Structures are given as structure tokens and as C-alpha cells.
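The primary structure of each chain is shown beneath.
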Amino acid sequence: MPDRASPAPPTSRRDFLRKGATAAVALPAVMSLAGCSGSKAVAAPAADTTRAAASPPSEPTAREKADAMDAMHEKGVKAFPARTEGKGNQPLAPRLEKGVKVYELTAEEIDWEVEPGRKVRAWAYNGQVPGPQIRVREGDRVRVKLMNQLSQSTAIHFHGLELPNDQDGVPFITQPPVKPGEGYTYEFTVPNAGSHMYHSHHNAAIQVGNGLLGAFIVEPRRPLAAHKADVDYVMVLNDGAHGYTLNGKGFPATEPVVCAQGQTVRLRFMNEGMMIHPMHLHGMHMTVIAKDGWDQPAPWKCDTLNIAPGERWDVLVKATNPGTWAFHCHILPHAESEHGMYGMVTALVVKPATA
Amino acid sequence: MPDRASPAPPTSRRDFLRKGATAAVALPAVMSLAGCSGSKAVAAPAADTTRAAASPPSEPTAREKADAMDAMHEKGVKAFPARTEGKGNQPLAPRLEKGVKVYELTAEEIDWEVEPGRKVRAWAYNGQVPGPQIRVREGDRVRVKLMNQLSQSTAIHFHGLELPNDQDGVPFITQPPVKPGEGYTYEFTVPNAGSHMYHSHHNAAIQVGNGLLGAFIVEPRRPLAAHKADVDYVMVLNDGAHGYTLNGKGFPATEPVVCAQGQTVRLRFMNEGMMIHPMHLHGMHMTVIAKDGWDQPAPWKCDTLNIAPGERWDVLVKATNPGTWAFHCHILPHAESEHGMYGMVTALVVKPATA
Amino acid sequence: MPDRASPAPPTSRRDFLRKGATAAVALPAVMSLAGCSGSKAVAAPAADTTRAAASPPSEPTAREKADAMDAMHEKGVKAFPARTEGKGNQPLAPRLEKGVKVYELTAEEIDWEVEPGRKVRAWAYNGQVPGPQIRVREGDRVRVKLMNQLSQSTAIHFHGLELPNDQDGVPFITQPPVKPGEGYTYEFTVPNAGSHMYHSHHNAAIQVGNGLLGAFIVEPRRPLAAHKADVDYVMVLNDGAHGYTLNGKGFPATEPVVCAQGQTVRLRFMNEGMMIHPMHLHGMHMTVIAKDGWDQPAPWKCDTLNIAPGERWDVLVKATNPGTWAFHCHILPHAESEHGMYGMVTALVVKPATA
Numbered sequence: 000m001p002d003r004a005s006p007a008p009p010t011s012r013r014d015f016l017r018k019g020a021t022a023a024v025a026l027p028a029v030m031s032l033a034g035c036s037g038s039k040a041v042a043a044p045a046a047d048t049t050r051a052a053a054s055p056p057s058e059p060t061a062r063e064k065a066d067a068m069d070a071m072h073e074k075g076v077k078a079f080p081a082r083t084e085g086k087g088n089q090p091l092a093p094r095l096e097k098g099v100k101v102y103e104l105t106a107e108e109i110d111w112e113v114e115p116g117r118k119v120r121a122w123a124y125n126g127q128v129p130g131p132q133i134r135v136r137e138g139d140r141v142r143v144k145l146m147n148q149l150s151q152s153t154a155i156h157f158h159g160l161e162l163p164n165d166q167d168g169v170p171f172i173t174q175p176p177v178k179p180g181e182g183y184t185y186e187f188t189v190p191n192a193g194s195h196m197y198h199s200h201h202n203a204a205i206q207v208g209n210g211l212l213g214a215f216i217v218e219p220r221r222p223l224a225a226h227k228a229d230v231d232y233v234m235v236l237n238d239g240a241h242g243y244t245l246n247g248k249g250f251p252a253t254e255p256v257v258c259a260q261g262q263t264v265r266l267r268f269m270n271e272g273m274m275i276h277p278m279h280l281h282g283m284h285m286t287v288i289a290k291d292g293w294d295q296p297a298p299w300k301c302d303t304l305n306i307a308p309g310e311r312w313d314v315l316v317k318a319t320n321p322g323t324w325a326f327h328c329h330i331l332p333h334a335e336s337e338h339g340m341y342g343m344v345t346a347l348v349v350k351p352a353t354a
Numbered sequence: 000m001p002d003r004a005s006p007a008p009p010t011s012r013r014d015f016l017r018k019g020a021t022a023a024v025a026l027p028a029v030m031s032l033a034g035c036s037g038s039k040a041v042a043a044p045a046a047d048t049t050r051a052a053a054s055p056p057s058e059p060t061a062r063e064k065a066d067a068m069d070a071m072h073e074k075g076v077k078a079f080p081a082r083t084e085g086k087g088n089q090p091l092a093p094r095l096e097k098g099v100k101v102y103e104l105t106a107e108e109i110d111w112e113v114e115p116g117r118k119v120r121a122w123a124y125n126g127q128v129p130g131p132q133i134r135v136r137e138g139d140r141v142r143v144k145l146m147n148q149l150s151q152s153t154a155i156h157f158h159g160l161e162l163p164n165d166q167d168g169v170p171f172i173t174q175p176p177v178k179p180g181e182g183y184t185y186e187f188t189v190p191n192a193g194s195h196m197y198h199s200h201h202n203a204a205i206q207v208g209n210g211l212l213g214a215f216i217v218e219p220r221r222p223l224a225a226h227k228a229d230v231d232y233v234m235v236l237n238d239g240a241h242g243y244t245l246n247g248k249g250f251p252a253t254e255p256v257v258c259a260q261g262q263t264v265r266l267r268f269m270n271e272g273m274m275i276h277p278m279h280l281h282g283m284h285m286t287v288i289a290k291d292g293w294d295q296p297a298p299w300k301c302d303t304l305n306i307a308p309g310e311r312w313d314v315l316v317k318a319t320n321p322g323t324w325a326f327h328c329h330i331l332p333h334a335e336s337e338h339g340m341y342g343m344v345t346a347l348v349v350k351p352a353t354a
Numbered sequence: 000m001p002d003r004a005s006p007a008p009p010t011s012r013r014d015f016l017r018k019g020a021t022a023a024v025a026l027p028a029v030m031s032l033a034g035c036s037g038s039k040a041v042a043a044p045a046a047d048t049t050r051a052a053a054s055p056p057s058e059p060t061a062r063e064k065a066d067a068m069d070a071m072h073e074k075g076v077k078a079f080p081a082r083t084e085g086k087g088n089q090p091l092a093p094r095l096e097k098g099v100k101v102y103e104l105t106a107e108e109i110d111w112e113v114e115p116g117r118k119v120r121a122w123a124y125n126g127q128v129p130g131p132q133i134r135v136r137e138g139d140r141v142r143v144k145l146m147n148q149l150s151q152s153t154a155i156h157f158h159g160l161e162l163p164n165d166q167d168g169v170p171f172i173t174q175p176p177v178k179p180g181e182g183y184t185y186e187f188t189v190p191n192a193g194s195h196m197y198h199s200h201h202n203a204a205i206q207v208g209n210g211l212l213g214a215f216i217v218e219p220r221r222p223l224a225a226h227k228a229d230v231d232y233v234m235v236l237n238d239g240a241h242g243y244t245l246n247g248k249g250f251p252a253t254e255p256v257v258c259a260q261g262q263t264v265r266l267r268f269m270n271e272g273m274m275i276h277p278m279h280l281h282g283m284h285m286t287v288i289a290k291d292g293w294d295q296p297a298p299w300k301c302d303t304l305n306i307a308p309g310e311r312w313d314v315l316v317k318a319t320n321p322g323t324w325a326f327h328c329h330i331l332p333h334a335e336s337e338h339g340m341y342g343m344v345t346a347l348v349v350k351p352a353t354a
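Chains as they are written, first to last, in numbering that gives the first Met the number 0: chain W, 0 to 354; chain F, 0 to 354; chain L, 0 to 354.
Bear in mind the hints are in silico, worked out from the structure with no lab data behind them. Incorrect hints may have been included.
[Claimed, not checked] Here are the computed lysine-lysine pairs in the BS3-like style, where the Cα-Cα straight-line distance is at most 25 Å: (1) F:Lys74 <-> F:Lys350; (2) F:Lys300 <-> W:Lys300; (3) W:Lys74 <-> W:Lys350; (4) F:Lys100 <-> F:Lys77; (5) L:Lys100 <-> L:Lys144; (6) W:Lys317 <-> W:Lys227; (7) F:Lys227 <-> L:Lys300; (8) W:Lys300 <-> L:Lys300; (9) F:Lys300 <-> L:Lys300; (10) F:Lys77 <-> F:Lys350; (11) L:Lys86 <-> L:Lys350; (12) L:Lys77 <-> L:Lys300; (13) F:Lys300 <-> W:Lys227; (14) L:Lys118 <-> L:Lys86; (15) L:Lys118 <-> L:Lys77; (16) L:Lys64 <-> L:Lys100; (17) W:Lys300 <-> L:Lys227; (18) F:Lys118 <-> F:Lys64.
Since we're looking at a predicted model, the values are computed, not measured.
Chain W with its partners taken away, still in its complex shape (with noise of 0.2 Å):
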């Protein structure tokens, strides 16, 4: 795997204290962040860090180093969920020709803000990061046409979709690559239900790294009882030529799961990118219910949950745990940096029943 430096945030977030800026951030509705009153603080033997007391104005205390510390951290849960320029993995509705739902995906160059103030050039399915959503249920007939706006060849692979051979999109195994300017239509009867992807296979690594790839979901035909869910939450991670994301954001911009007490959350693990990805909720666990669209025989729980590239995990969380919690991946460095949380941080949102 290859060694990444840490994205940009943490620098222009370093950059953004220095210059003294004091925007005012709008804290969110939903999130009930702690008083940090600081009330159950107490006095303990003082630290080294006490003498530094008399340095010269110049030179910044360990105190004051840590206040420093602290303010850019803070500054960064404070901006969450922060907005930024675009949103992916939005729902796209399908336009119906005679009982073919008919999908339209335009692959182009575009500006991507991944956290506020930090664009970068992203190849994307009509202008989003992940591509749109699709959601389907087993049956459909479904028809996609790919447009390609980029300098590039391309194809689109379903992902996880046991589909006819000549439908599968592997550039000369089954089907020629769709050049520059051109287009190219999929049409299949949708065979198996999950959570599944769709994504470019051609010249992959470079296509998918900057953006090119989406969630294809596939409601089943008759749905088991024991996965009814209250929210439905598809998560995509990646760690391409964006830096880490949730769904195409980094930390503050990415977009936290809102719930009420007592729900069930449904959420779909997906992972596009080049690693894996430990993700931990804190406060609940999660009930793994499905592998790649497969159900589970015999489902399982945890509060970390390593998904690799490629994969795609169902889990449900019964949110009984009022609260903000937070959600990342546990692969600490794609979650912090001394500048404070950035990448794979989301939060779970636990709206209280009584409030």
C-alpha cells in the first residue's frame, strides 16, 4: 500500500488560526455537543509543564501550546457537519421507458470540495462523488447509459450483480472500452438483492481513485422482517486521490447519521479505495447481517468492523444510546492528526426519545 501523506485540512486549518480568523460556526441542530464547562476538572500535581512559565513572551508555555492544540481541534468538532461546494451518493431517479428504468450517468472532469477550502479534481459520475445512488429492487429491468465526457476510455463494471457475461463492463473481455465523446448503454433484468457498487474497470486504479464509482443498491423482492430498519444509510469509503473520505468528504464536511432513540439504523459499508478501513462506533454495537449482499447465516456483532477494498458489509445498530457518538475508521492516522480529526470521522446521531 502505498505511504500518503496527510491530506491538506490540517495545514489550511493551521493556516486559518494563524491568520486570527474568528468566523463564527454555526453549530448544528442536531448535534448536543458537551458543555465542556470543564466542571469535573480537578487540581492534580502539577506537570514540568508549569515551569515553562517563565520563558520569554516569545516562546509559548507547554500550557499554552496545549490551549493551541486544543483550539484546533475544537475548531474542527465545532464545524461539524461543516458545508462544503456538492453532495454524492444522492438518489437518482430513474426515468421509465414502457417498464425500464432508465439511468443516465455522465462521466466529466469536475471540481470536488472535499473539506471546506479544499478542492481537487475529480473524475464523477453527473458531478458527484460518490456517483448517484441507484436503488433498485430484484427484477427491475434496468437500463444505464454511460456518456463519456472524460479524456479517457472507460466502462462501467456492476459490482457484486450476477449479470449476463456481455452486461459485466471488463474493457475487451466483454465489451469494447466506450472512447471519449462516446457513449454506451447496459440493459439487464437486476438478478440479486444487497449493497453493491458500480464503478469503472478501465485503467481502474487511476478511474476509480479519482472518483469514479457509485452504490448500487438492490432492494430483495420480499424482505426479511428482522432487517426492517428506521434509516437506511449507505456509506462509502476511499482513500484515492482525495485523501480519506466518507462518502466523497473528509472531516468536518463529512455528513453524520441522524437518528431517533429506539430506531433501527441500517448501514451499508462500502469500500472503493486502496485500503482497509476499521470502522468503530462508539456507544452501540452493530449486528452484521450481510456480506456483499449475501445474508449473513448467523449474524454477528461488533463495534469495529475492517472492511477491505472491495467489499461491502451490512450491519444494523439498534440506536438505544442517546447522544453524539463518534464514528471512524480506527486506522488512527486516517482519522486524526495533531491539527485535530479530519478523513474517516463521522458521528452516529442519537436524537434523544424525549426531546
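Go by the hints and put chains F and L onto chain W.
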């Protein structure tokens, strides 16, 4: 995990292309690749790639660049399965001595062709990478005679077999190292069924990385009817000194798994490398039946199976879907570069029942 | 994942060797290593290594080089388990205050000896890496008093415990950061059984990487008979600033797990690092009974268990096979270099029933 550069083949393929080589590449009979006639291609609104039409002749247009890239990709696919010198993981017939199955393994340095034209130095058993496949039955009496023709000491650990301690192959814990020019004999009654491995356990990061490894398959005394398979295929994954390989070869020199429609294929994945490799099968799912040789109590389904170093996973594939199906590690840089697919890519070829 | 150089010990071991150190190393009584008499060694056709016999005396022959390498390997194994200063993961007895179990944890910077002679700077709880092991029972009332003697702010997250939100330990989300020289008190009723962890959740990539972590074991109110074990061993894996470690030490300073033949050993793996570590046990298999503290509905067997950052896996080993068994991470560069075994290597020592 080490940061590794792409192996050489893409570069050599590019050179090949530059020199205008026109050597005909035979298409293997087992494969039925798409016609690539472009019959489904449709006109799309012109991308800015068309603007390049006025460029001076020395500057290739975007379309020309796309065509050049596609040609490299096509050449790789069309070359598959490419012929190379040497084949690893070949069944090794034992010599019978008074009811004992005797296997001789000579460790020596050799030249090994990973892909057409790319030769590397390898440390191999009997001139093969992976070493020859040993396949015995639970309860068999087995003698393995190691001859060390290397310039370093070595030893063999039978990974997964629950042997008496003095047959475990760990120098200075269970035996002395086997010096260059010397030999050593292991002898045991095979204790437990399953997909196991044998490899060096001395200076192993180097010795296994260079090729001193092989499959050790133990058939159960009483096979389960549910595990009956028409094809039984061992796939050893590696990422050591020779780059990303399946059974010692990189695409397009990897071997396709071939079966007839309706047959059941048993795949035995083994990771002898330093990285995870989530293997993704197109077109059909895999049912996971064993881990490290031990039956799974509740077999489960997936299309992407994450295999960590030292692990073995057995799966069954019911080959219902005819065609040539891409089958590759889903860490995309292990499978594709801008020059085309390479490394950990092969295919499952399901021949139509009527063919 | 970061590209990391080998930790220092191999080099220092080499220096040690060069200087002709001859310090006697006591063999631990619990270990019964092979005689290494070479009685099974047999003559084999001479390799080209014999040709080196005519080399001038200043050039070592291949055999001399092999002997020198083997001597380094032997020295490491014979030194195991090597004595070092400091021992982490030691049980911490609570002080009882009106029915509340009170634990005091002081975070401070210390020197920590990872292997004989290799000292590093560590950030530790109570002078230990990992911090002291806290072991309580489901339903216990617990108070944890943190004293921060570091030069940075910090906080404790109880990873895996389903606590009220304000005890979750995430600065600016559930509490203010605990400043240098200050303290903070957590108090809760232990909600769920299992193998959990506590660690910093502030600047955590650095603080946990430097050692601010420990095991938090919760015994169930009603233990399952099937989980009864004679030995209960917590193994914390790490790969941060101190190199590859098991319970804060690298081989040969790691601690063997010791039991008598016929006993059942419960191992509780916890990964506090940034990389996966597939732990491989020689000679016997492991039955996986819990994930992140939650019982597995269908326990399964393996000999190599892949443990990702943040995960905890509990296994049972029925110690049927007497001997000293290598037990190590199977990412081989985490376990062995040309200078011998190091890092994430220990042994399961099964003392014969008759001994």
C-alpha cells in the same frame, strides 16, 4: 507494509508497443472474449477532446492517446493466458517406501519468468514457484526430504499441520537450521485435513518472499458430500520479491480457472505475501466453506474475500453463469496500471453447457 | 499505511555480535528447546557454496556467512524470554470506596525498554506500556481518575463499553480535553461484558501510537461454561512509535504464554496499532468465541487470525500438543529479519502432562 513500485511488465509492454511490435498473439481456445465490435456505442455530445483535432501532427490528440492506452490494455487481455517458462504448484507424485509417501524437495536458486520477458531470481523448491503441490490424505505417513542447495541455511515449516513439536520446522526451537549443501528429513503421520502450506521458517521474510513456499493439501478421510467439487483449484497469492502474483505468475501469464457450466469449483486461496488481497470474482458468488483447513460451521456467501498473510480460505463456486469472468485482487493497484491489467488478475472461464 | 523501517534491535544485535560479546544467556526453565544436535542432518550433493573454500581469509565463505547468520538467529531464540526493564499490562487492583471500584491512571512520559538495550520514549499510564490491565465485572460501579502529567491535553475513551455519552471520552464532543497538570474523573456502571480497551482519544494517532492504551476486561455476570479456561491471557498488538510489539515488548523480550498439556487457554487479542496483524499459532488451532466482546453465534476454528486496528478477538486453545510453539504475526517482516526473529513473535509453551 513496504511501499512498492509497480513491477516491470507495464513498462516493457509500453516499450513493446513503441517499437511497433506486431507479433501475433494466439487467443486461447478456452476463452470467448467479446467481439468488441462497438455495436452498442452511440454518439454522445462531443467532449472537449474533439478540439484537439487541430493540433500539429507531432502532438497526439486526446482520442489518439485514448486509443494508444486502449491498445496496451487490449494487448494484455488478448495475450492471456500468456505462455511463460516454468509452472509452479504442480502436483508432486510421492515415491512409496514401505507405506510411507516420500517427497523430495530441493531448495535452490533459479531464474523464474513471472510474465513474458520478465525474469527474476527466485529461491524455489524443485525449480517451481510456488513449490510443487503436495496432496495427501488424513492419516497418511509422509516423509519429506529437504535438500538445501541455497547459500543460506533453511528449514521447512508445515503451516497448519498439527505435528509433533520436533517436526515443526523452526530453527533453534524445534530443530537445527539445515546448512547449505546439507539435507534434513521430516516424517510424520498427517494429523488434520485441510488446505495448508509448507514454507521456509528461517530468515523467512526473505526466503518466503523469494519463493520458498508451496501448498500442502490434506484430503479428509471422510469428505463431506456438500463439499464435492468438479474442479479443485489451489490459488497461492504473493506480493514479495516477484511482484503481485497468483501461483507465481503475473497477468497475462496467470492461469485461468476453467470449468463447464453447472459444475462446482472449489478454490483454495492461500496468502504467502505481506499484504491482504481481497479477491473479487465477477459474475458469481463464492460460498466460504473452510478457514485454515477447518470447516466453517455456517458457510456464508460473498463475491470479495479478504485473504490475509498466512490465511487459507476454501470456497465453492457453483458455475451457473457462462462466460469469461474477471477474477482479481480488488486493491486496484495490485491488478491494473495505466498500461493495462497486470499482477493479481486471472479469469474464471465457465464454458456454456451447450458448447 | 506508513512505510516503516525495521526497528533498531537487529542492528544492535549485529553490533553486539561484531563486538564478540559472549555474555551467557540463561535458558528459561519453561522452555524445552530442541537439542539442535543435527542428528537428522544428512549429507547432500554439495552446493556451489563449497567452491568458496579457496577464498582468501578476509572473505568469508558462503558457509561462514550462513553460520554467522544462524548464530544471530540462535542468539535471539536462546535469549527468549529476555529480561527487560518494565512490564506492561499488569493487573491493577482497585481501591474500594463505598462499593465503587476506583482506579487511578497517571499519564506521563517515560523511558521504556522494548528489547534488551533498546529504550524509547513512551507516553504511558502508570509507567506501563500497555497501561495496567483493568478487569471488572458486568454491573460493577467503576471510577477512573485520570491525572495528566503530559505536556499535551488528553482524554480516555473506553473502547467497546456502551457508556452514557458524557463518559465516552471524546474532547469537544463529550467532554473538555484534560489539560496538562490537570485531572478528570470518569464514573459509570459497567454495561457490557467482553474484551475491551481504554486509550487516549485526543491527538490519538500520536498519543496511542506512543503508548497511551490498555486493556479493559469485563467478566460476564453469567460466564458460559463453554468459555471456561485455565489460562486467560491478554495480548495487545502494536506497531506505533515503538516498533512491532506484543504487550509493549519486541521479541526476544516478549512474554511466552505458558500452560500445561490438556489445559484450555483463552487468548484475548487487541490491536492498538495502525496495521493488520494476522497472528499465527503453530501446532494447534484456535476456536474463535468472541468479537469485540460479543460472543460469536457460531464459533469457528483457525490457526491464523487477522486482527485489524481497534478489533478484539477472543479465542480458546485446547493445549493438546506439548512443546514450545512459535506464535507470531504472519506478515513476516513484522516477525523476522536477516538478523533473526524480532518484533511480534512469542511462544505458546505447553508443558507435557507427565513433566
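Legend entry - Violating hint indices (sorted, rising): Per hint list: 4, 12, 16 and 18 violated.
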